[in-house]
Amino acid sequence: MKDLKTHAGFPIKPIYGPEDLAGRDVERDLGRPGEYPFTRGIHKHMYRDRLWTMRQYIGFGTPAETNTRFKYLMAHGQDALNVAFDLPTQLGLDSDDPRADGEVGRVGMAIDTLADMEEAFAGIPLDRVSVSLTINGMAAPITAMYFAVADKQGTPRDRVVTTPQNDILKEFVARGTWVYPVDPSLRLVGDLIEYSARHYPRSNPVSVCGYHIREAGCTTAQEMAYGLAIAAAYIDMMIRRGMDVDDFAPRVSFNFTAWGKIFEEVAKFRAGRRLYARMLRERFGAKNSKSWMFRALIGGGGSAFVPQEPENNIVRGAYIALAAALSGAQTMALPTYDEAYTIPSAKAQLIALRTMQICAEEAGAADTVDPLAGSYYVETLTNQMEDAIQAELAAVDRMGGIVDAIKSGAIQAEVARQAYRFEQALASGEVPKVGVNCHVAEGAAEADPEVELYTFDPKVAATQLSKLARVRRERDDAAARAALRRLSDEARGSTNLMPAIVDAVKVYATLGEINRAMKDVFGEHKEPVQW
Amino acid sequence: MKVLIAKPGLDGHDRGAKVVVQALRDAGLEVVYTGLKRTPEEIVAEAVQEDVDVVGLSILSGAHVPLSRRVLEGLRAEGADDVRVVVGGIIPPRDVEALRALGVSRVFPMGTPLPDIVKAFQGELDAGRT
Chain E
1 MKDLKTHAGF
11 PIKPIYGPED
21 LAGRDVERDL
31 GRPGEYPFTR
41 GIHKHMYRDR
51 LWTMRQYIGF
61 GTPAETNTRF
71 KYLMAHGQDA
81 LNVAFDLPTQ
91 LGLDSDDPRA
101 DGEVGRVGMA
111 IDTLADMEEA
121 FAGIPLDRVS
131 VSLTINGMAA
141 PITAMYFAVA
151 DKQGTPRDRV
161 VTTPQNDILK
171 EFVARGTWVY
181 PVDPSLRLVG
191 DLIEYSARHY
201 PRSNPVSVCG
211 YHIREAGCTT
221 AQEMAYGLAI
231 AAAYIDMMIR
241 RGMDVDDFAP
251 RVSFNFTAWG
261 KIFEEVAKFR
271 AGRRLYARML
281 RERFGAKNSK
291 SWMFRALIGG
301 GGSAFVPQEP
311 ENNIVRGAYI
321 ALAAALSGAQ
331 TMALPTYDEA
341 YTIPSAKAQL
351 IALRTMQICA
361 EEAGAADTVD
371 PLAGSYYVET
381 LTNQMEDAIQ
391 AELAAVDRMG
401 GIVDAIKSGA
411 IQAEVARQAY
421 RFEQALASGE
431 VPKVGVNCHV
441 AEGAAEADPE
451 VELYTFDPKV
461 AATQLSKLAR
471 VRRERDDAAA
481 RAALRRLSDE
491 ARGSTNLMPA
501 IVDAVKVYAT
511 LGEINRAMKD
521 VFGEHKEPVQ
531 W
Chain L
532 MKVLIAKPGL
542 DGHDRGAKVV
552 VQALRDAGLE
562 VVYTGLKRTP
572 EEIVAEAVQE
582 DVDVVGLSIL
592 SGAHVPLSRR
602 VLEGLRAEGA
612 DDVRVVVGGI
622 IPPRDVEALR
632 ALGVSRVFPM
642 GTPLPDIVKA
652 FQGELDAGRT
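Protein sequences appear in the order of chains E and L.
Just so we're aligned, residue 1 is where the first sequence starts under my numbering, counting upward by one.
Just so we're aligned, residue 532 is where the second sequence starts under my numbering, counting upward by one.
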């Protein structure tokens, strides 16, 4: 019989039985759904009361183009938005910055000023739609723009539901949209959490991401462990800043992937939920049960998709949706089958949305709470995963804690090592991939996949540049300069920078100018390359 | 053979670049890695200073054509025409020829098996040159 292992490295037996759970206190480990420690899910009735939110990741070209795609998906039943920004925006460069050349509007929409944000959300009622903003290094100014648009639409502040990603620590490990050094970057994360808790009580000011670290190559257990360690670092920082844990923890959320082996993924989330609940209650002393809940967007997983026979990725997406549903996701987003090649087409986006709808409406995955509970295999895996996550957390502690391990590059080196190991396992066939290293069709490698390719329109940059020039020309320049000077001054001190950023945004200071006002004080991050 | 693996532009996805660095080192090649977000000018300067034989550009943002062009032009301007340039990342099939026409020696689109990349570096790079 062939030896099999989970992605976390546990050997998988052909049969599991009651003996695998002997000696465990099932009542303590599982509890009831909606009750501490939430192993079985954070709500009593889960999807019977409210289905997961469907939130595809969208954004390309100009704000106007993105606005059109938003409305297209909303017309087909998507109930929330997940905004992609181009790289210059993510890094705080204006579209006319020389370093932005060739990248304007390419992997997301370009935002230079509040005027762009107004256009992106024109005709979209922000008191009724929840909007995720995939923005990190620039989370403070971009969220300030979002708040300003909501204010202009007349949305009451307690009706604004937005989730800026605002997870800078994982950007230093994976994805790379850092700008400032680690410490001032953390200060900005904290400023946004604090400001949101005070003024926008239903906004979720940080979404802690294991997802990107897993996409960069780490194991399932590491994904959960690093995510929990990063969440703990933010919570610890906010408590040190003088906030009560229950004033912000109920609004902390997570973003994780679910590609891979379905039962292992489910076990990862069940174990993660109970570890997080215990951490919040026992270590941080949270008393509000909402603070103990691991609320998660689950999905993604484009790294599981391959360009060979791309339609097979639709099937892979369906299994990810199933795993996410069985894992108790609050929100779901799927990669599109064409992602290994191109900016997703409207058709591919719709198929991803339909995949989630079929999973919910036809396949029965949403019919009852935590349907795999009591499975000898899944309960055993959940226990094993809990132990493995704790072992990885102990390893992080040995590296000096997550913040120091990120500053030194130790975590980044470990993730790169795991990515290489995984690639070797793919090359050897130890990890099977249909159409790639097994069941390879004759001539498939040479076949031109029939995927509709997104044609990048060079006019996007020109449109964006002329709009930026017009905004600069028409704004009250003295007011913009004064707001930027105040921001630089406050950056030198230790007050919360959000009010200064919000004021700068409202007088149409550009994202690049706001970034520069802070960079002049904070400096730039130097990447530790441990090679 | 000495290789510079580089991340030009603003793209922060470095999994592929770091995997290739490790694989080439295991194959006995000398490899320098630039880290993220280098300008084409910085990459050219580092290639010349380190006296490498090959520059490998990893680009997943879609900006591969303009970025590769600027690196190739920069190398020519420095008189380093003999440095070969290869490109890996999310490269749609229709852009492979465009990159080759610019003077890129080899293109490794998404999904290229790692052993094929290593083999190409181990002396077969020229075979694919037009």
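Keep in mind the hints are simulated off the structure, nothing from the lab.
One thing to keep in mind: the hints can contain errors.
Stated by the list, open to error - Residues from chain L that face chain E, not an exhaustive set, calculated with beta carbons under 7 angstroms:
(1) L541
(2) G543
(3) Q553
(4) L560
(5) A576
Stated by the list, open to error - A few chain L positions that, by computed beta-carbon distances, are all more than 12 angstroms from chain E:
(6) V579
(7) Q580
(8) R607
(9) A608
(10) E609
(11) R631
(12) A651
Claimed, not checked - Footprint (simulated), chain L over chain E, 3 or more residues, beta carbon under 8 angstroms:
(13) 87-95
(14) 273-285
(15) 304-313
(16) 418-429
All of these numbers come straight from a predicted model, not from anything done at the bench.
Even glycine gets a Cβ: it sits at the ideal position worked out from N, Cα and C.
Each hint, compared with the structure:
At about 4 angstroms, the closest approach between the beta carbon of L541 of chain L and any beta carbon in chain E falls short of 7 angstroms, and the interface hint on this residue holds. Given hint, G543 of chain L at the interface with chain E, holds; its Cβ is 2 angstroms from that chain's nearest Cβ, closer than 7 angstroms. With its C-beta approaching chain E no nearer than about 4 angstroms, Q553 of chain L sits inside the 7 angstroms limit, and its interface hint holds. For L560 of chain L, the interface hint is violated, the least distance from its beta-carbon to any beta-carbon of chain E being 13 angstroms, above 7 angstroms.
The beta carbon of A576 of chain L is not positioned within 7 angstroms of any beta carbon in chain E (closest approach about 16 angstroms), and the interface hint is therefore violated. Distance to chain E confirms V579 of chain L as a non-interface residue, since its nearest Cβ pair spans about 20 angstroms, more than 12 angstroms. Look at Q580 of chain L: its CB is around 16 angstroms from the nearest CB on chain E, clear of 12 angstroms, so calling it non-interface holds up. Annotated as non-interface, R607 of chain L keeps its C-beta farther than 12 angstroms from every C-beta of chain E; the closest such distance is 19 angstroms.
Every beta carbon of chain E lies more than 12 angstroms from that of A608 of chain L, the smallest distance being close to 17 angstroms; the non-interface claim holds. At the 12 angstroms boundary, the C-beta of E609 of chain L stays outside the reach of chain E, the nearest C-beta of that chain being 20 angstroms off. With 12 angstroms as the threshold on Cβ separation, the claim that R631 of chain L sits away from chain E holds: the shortest Cβ distance comes to roughly 16 angstroms. Every Cβ of chain E is farther than 12 angstroms from the Cβ of A651 of chain L; the closest lies at roughly 14 angstroms, confirming the non-interface assignment.
Figure legend: the segment 87-95 of chain E, annotated as covered by chain L; annotation consistent (5 residues with Cβ-Cβ distances under 8 angstroms, at least 3 required). Under the rule that three or more residues need a Cβ within less than 8 angstroms of chain L, the assignment of the segment 273-285 of chain E is violated, with 0 such residues. Counting residues of the segment 304-313 of chain E whose C-beta lies closer than 8 angstroms to any C-beta of chain L gives 3; at least three are required, and the coverage claim holds. Restraint check on the segment 418-429 of chain E versus chain L: 6 residues with Cβ-Cβ distances below 8 angstroms, three needed, restraint holds.
In this structure, the hints that do not hold are numbers 4, 5 and 14, in rising order.
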